[in-house]
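K.L.:
The sequence shown lines up with residues 47 to 191 when you count with the working numbering.
Warning: the hint list may mix true and false statements.
Unchecked claim - Derived BS3-like pairs (lysine-lysine); straight-line CA-CA distance at most 25 Å:
#, residue 1, residue 2
1, K174, K131
2, K78, K169
3, K169, K130
4, K117, K174
5, K132, K180
6, K169, K101
7, K104, K132
8, K93, K169
9, K133, K169
10, K104, K169
11, K131, K100
12, K73, K100
13, K169, K73
14, K150, K78
15, K93, K180
16, K131, K78
No wet-lab data here; the hints were simulated from the structure.
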Amino acid sequence: MQGYRFLTLILVLILSVACSNLPKEHKVVTAKEGVISIPVSVVNDGKVHFYTYKKSWKRINFFIRTDRGGKLSTYFDACYTCYKKKKGYRIEGTDLVCNECGLKFRLADEVWENKACSPIMLKSQTDKEYLIIKTEDLEKGGKLF
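Given these sequences and hints, build the entire structure.
P.N.:
Below, the structure is given as structure tokens:
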């Protein structure tokens, strides 16, 4: 009987470690009058912020990052090479890493080389208070998801 308890405990530990490496859920954003507005104060912290926009049954994933020059930029959480796997990217130390092929991009770089696995740019603009993305621009990337 104790053998089963021990095996159960081991299984629970293995599963908890394996599940802790799964990507975190993207934060869901909603549009108002065809626009998604995200406060600059929330995303202008040098980190990468992952979001999803739900259109009907589809989730369109994207992220916002700040480069070392302080510029905010937006990208679909996909690339033209690996998008069919729908795995996106993750943060690993100071790099953005493709979850499918493992290609790395330094977060501090102002421009990422246009490699096959480069994140796909998403058109956006900023004013003093908000980063603004038009839903029509997001929906153009729907085929990636």
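K.L.:
Would you mind marking each hint as holding or not holding in the structure?
P.N.:
Here is how each hint holds up against the structure:
no. : hint        : verdict
1   : K174 / K131 : 37 Å, violated
2   : K78 / K169  : 17 Å, holds
3   : K169 / K130 : 22 Å, holds
4   : K117 / K174 : 13 Å, holds
5   : K132 / K180 : 22 Å, holds
6   : K169 / K101 : 18 Å, holds
7   : K104 / K132 : 12 Å, holds
8   : K93 / K169  : 19 Å, holds
9   : K133 / K169 : 21 Å, holds
10  : K104 / K169 : 19 Å, holds
11  : K131 / K100 : 19 Å, holds
12  : K73 / K100  : 11 Å, holds
13  : K169 / K73  : 19 Å, holds
14  : K150 / K78  : 34 Å, violated
15  : K93 / K180  : 22 Å, holds
16  : K131 / K78  : 30 Å, violated
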